[in-house]
Amino acid sequence: MKAFSGFTMPLLLCLAFVLFYSGSGQVTQDAFNDVYYDASATTQCLAEPGITMYGGGIIVNPQFSYGTYGWTVSGQGEIAERVSRTNNGFMAAYNRKLPLDSFSQKVLLEKGKLYMFSAWVQVSEGSETVSAVFGTGGGEFVPGGSVVAEHGCWSLLKGGIAANSSGPVDLLFESKNTSKEIWVDNVSLQPFSKKQWRFHQDQSIEKVRKGKVRLQVTYPYSKAGVGGATVLIKQTKPDFAFGCGMNSHILKSTDYQNWFASRFKFTAFTNEMKWYSTEKKQGQENYTIADAMLKFAQDNKISIRGHTVFWDDPKYQTDWVKALSPKELQEAAERRINSIVSRYAGDVIAWDVVNENLHFSFLEDNLGKNASSIYFSKAYKLDPSARMFVNEFNTIEFGGDVKVSPGNLKKRLEGMLSYPGNEDIPAGIGVQGHFGPGQPNLAYMRSSLDILATTGAPIWLTEVSVEPGLYQAQYLEEVLREAYSHPAVEGIIIFAGPLPAGFSATALTDMNFNSTPAGDVVDKLIKEWKSDDLKARTDEGGFFGTSLLHGEYEITIINPITNSSSTSIFEVTKDSSEKIFHIQME
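Numbering-wise, the sequence shown is residues -25 to -1, 1 to 561 according to mature numbering (1 follows the signal peptide of the UniProt record, and there is no 0).
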């Protein structure tokens, strides 16, 4: 709790409020011209609440330094300021009758802006999921994120919303278990304009996807630099993995083959490696299609994600699998994992081992709670060259699916890696990225990626799609840019493609392989995420410097006297900024 001299509490808060709002009730443009983005996140439960991000942003009395001022009771129940043993003030909602019974504050949103939300939460006993929601009127509530809160320590609830309209909304908190009190401290809601958001994306891309390169051209057996040498630089392979899903239509369409191979160097087969495709009848395995697709990919130097060894959704099990007893299922699953992983070991860069095992639990229900952990281990032992992934939907797309919140997905992966013998398995996090036709909630997406990044594991968006709508191409670009700009994301696979191949949801071409608006977006980003060919001259000392996207490059040096040339290969990585590339001219 903080005391201020010279102002009474209500006057101080009113002055702060005026700084954020104009007389019309709209957020003033000048108030947030230079707002940094706070990417900090943690899933640790802390003895004391962490900082108030952005000083609370547009929240009045965010630290409850003035009791309940600015906050009101939401629904039934009661609210009160509490003080911890360390003299920290926080808000408590108690005597709750309904999940949304808590406390609320009315805030003004501005259409088109993104709002980052954070708060530190705790419950009065045990543990319980606590969500932030925004009431827009008429009984509609927009989820802003959730976390499993515990008693005795403070958990960070980080999320956000995208404002589709201007006007007042009510920020409040939700917990299904009404017998438990909700405790909250250090609340923040920070607006960002689209211009600011794009600025932060570009700033991040410059930092995490590019390297400042300094080259020196010398003659053999001499340290003297060659001044005036012509330098030609051409990127041969981008470092960032941007790929596209592929289906069996590619085997019978040269147009599809040419379209794909000219664009992508990473892929995942949409269905052809799945159990229901390779063993439609028990004991009759058929890898003909998957093998042919693998050959096409390898012939065109396209890296493959193995998708998927198992799928935990009961709906996608064949009838013969569903009819097996637990003992028979265990034997069949053992044959399955040995068969597919051994067959493609060394040919794939990753495996989605048990798909969607937070939403569903077919294997766990039949084979025990450690089924996913056991198969994680088996897959790695069969193919130690590949990275083992969990893979889920709605973790970055939708804040209302609390089962697969970023904190819960992180906990699932950590649980699998803590299984005896799994500690050193190279693991990754797959978030599918299936977005609806409406405006994507980039604020929630970014906050979710921030939380997942605390695992230290690489993140891939594995199945990106955007449902058809008036702004499909724009929304697809927004999602892809957001993923590309995040430091923890190492790859993107879009589940999209040509309309003749059946990709009707996110079609990148029409029936004649002419690009759709969504296809134009993909082509634009492929070009943008690859360095342009560069021509320059060295200075008097033989030096030349520039900024290049990470990846492999071919460099040609032309002798300023003889006009002869020599070509070599170099690679730009995140560590390249600290060294000088010495290129010898033959």
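Some clues are possibly wrong.
As the list claims (entries may be wrong) - With a cut-off of at most 20 Å between alpha-carbon atoms, the simulated PhoX-like pairs for lysine-lysine come out as follows:
| no. | residue 1 | residue 2 |
| --- | --- | --- |
| 1 | 386 | 209 |
| 2 | 212 | 187 |
| 3 | 256 | 297 |
| 4 | 353 | 249 |
| 5 | 86 | 169 |
| 6 | 187 | 209 |
| 7 | 72 | 297 |
| 8 | 505 | 549 |
| 9 | 209 | 502 |
| 10 | 290 | 255 |
Said to hold, decoys possible - Pair ranges (Cβ atoms, derived):
| no. | residue 1 | residue 2 | range |
| --- | --- | --- | --- |
| 11 | 446 | 549 | 50 to 58 Å |
| 12 | 64 | 306 | 37 to 45 Å |
| 13 | 343 | 14 | 33 to 41 Å |
| 14 | 174 | 125 | 33 to 41 Å |
| 15 | 529 | 174 | 31 to 39 Å |
| 16 | 87 | 64 | 33 to 41 Å |
| 17 | 42 | 549 | 28 to 36 Å |
| 18 | 53 | 309 | 52 to 60 Å |
| 19 | 174 | 521 | 50 to 58 Å |
In short, the hints are calculated from the structure, not lab data.
Keep in mind it's a predicted model, so treat the numbers as computed, not measured.
From the three backbone atoms N, C-alpha and C, an ideal C-beta is built for every residue, glycine too.
A quick look at each hint next to the structure:
The straight-line distance between the Cα atoms of residue 386 and residue 209 is roughly 43 Å, outside the 20 Å bound, and the hint therefore fails. Under the criterion of a C-alpha separation no larger than 20 Å, the hint pairing residue 212 with residue 187 is consistent with the structure, at around 17 Å. With a CA separation close to 12 Å, the supplied pair residue 256 and residue 297 stays within the 20 Å bound. Among the hinted pairs, residue 353 with residue 249 is consistent with the structure: their alpha-carbon atoms are about 17 Å apart, no more than 20 Å.
In summary, the hint linking residue 86 to residue 169 is supported, as the alpha carbons are separated by about 10 Å, within the 20 Å threshold. Between the alpha carbons of residue 187 and residue 209 the distance comes to roughly 16 Å, so the proposed pair stays at or under 20 Å and holds. Restraint check: the Cα-Cα separation between residue 72 and residue 297 comes to about 41 Å, which exceeds 20 Å; the hinted pair is violated. Between residue 505 and residue 549 the alpha-carbon distance is near 16 Å, which keeps this suggested pair within the 20 Å criterion.
Taking the CA atoms of residue 209 and residue 502, the gap is near 13 Å; set against the 20 Å cutoff, the hint holds. A C-alpha spacing of about 15 Å is found between residue 290 and residue 255, which places the hinted pair at or below 20 Å, so the restraint holds. Checking the proposed 50 to 58 Å range against residue 446 and residue 549 shows it is violated: the Cβ atoms sit about 34 Å from each other. For residue 64 and residue 306, the Cβ-Cβ distance of about 60 Å falls outside the hinted range of 37 to 45 Å, so the restraint is violated.
A hinted range of 33 to 41 Å holds for the C-beta pair residue 343 and residue 14, which are about 38 Å apart. Our hint of 33 to 41 Å for residue 174 and residue 125 holds, since their Cβ atoms are close to 37 Å apart. About 33 Å separates the C-beta atoms of residue 529 and residue 174, a value consistent with the hinted range of 31 to 39 Å. Against the hinted window of 33 to 41 Å, the Cβ-Cβ separation of residue 87 and residue 64 comes to about 35 Å, which satisfies the hint.
Separated by about 48 Å at the C-beta atoms, residue 42 and residue 549 break the suggested range of 28 to 36 Å. Between residue 53 and residue 309 the CB atoms are about 56 Å apart, so this pair conforms to the stated range of 52 to 60 Å. Range check, residue 174 to residue 521: about 22 Å between beta-carbon atoms, so the 50 to 58 Å window is missed.
Hints 1, 7, 11, 12, 17, 19 from the earlier list are contradicted by this structure; the remaining hints agree with it.
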